[in-house]
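Enquirer: 135 is the number that our numbering gives to position 97 of the sequence shown; each next residue is one higher, with no gaps.
Keep in mind the hints are simulated off the structure, nothing from the lab.
Treat the hints with care, since some could be wrong.
Stated by the list, open to error - Label-pair restraints from in silico Cβ distances:
hint : residue 1 : residue 2 : range
1    : R120      : D96       : 19 to 29 Å
2    : G52       : T123      : 17 to 27 Å
3    : S125      : Q46       : 31 to 41 Å
4    : P55       : V93       : 28 to 38 Å
5    : D56       : Q97       : 28 to 38 Å
6    : G130      : M98       : 31 to 41 Å
7    : I137      : A91       : 12 to 22 Å
Keep in mind it's a predicted model, so treat the numbers as computed, not measured.
Even for Gly, the Cβ is constructed at its ideal location relative to N, Cα and C.
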Amino acid sequence: MVSTEIFQGFGESGETPDECARRELKEECGISVPKMQHLFVIGNAFPVHIFTAKVSEDQMKSLSLEKGKEEIEEIVPLAISRITTNSLKEKGIFDPVSISAIGMFKLGYNLSIE
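Modelling step: build the complete structure from the supplied sequences, incorporating the hints.
Expert: Here is the structure:
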C-alpha cells in the first residue's frame, strides 16, 4: 500500500513550532531550509502548526529516508498545488493532518512564501 503524507512530528520540551518543523524536516528527509513560513494552525485542544518552505532541486534530489517505526521505501515529491480531490484517494493520502493541510492550502490560506 502506498501512503502519502506531509512530514510531521511532535515538539520537544521548550521547542517552538518553527524549531520543531525545522528539526523534523532535517530528521525525516535530511534537508535544511533557510526560511520556513507558518501557514496556519489546525485543531484546538492539540494545535497542529503547518509550515511551508521552498526546497531547491538539488535538495529534492538528495532527500534521505528516515529509518524509524514505519517502512519507508521511497520519497516522491508531490506538489500540493497539483493535488485534486480525486488524487487524494489515488495517491493514498489518508492521514488526517495531511488532508487538512492540503485542504486549507487549496482554499488559499496564506499561500505566499518569501
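Enquirer: Could you check the structure against the hints above and give me the numbers of any it violates, in ascending order?
Expert: 2, 3, 4, 5 and 6
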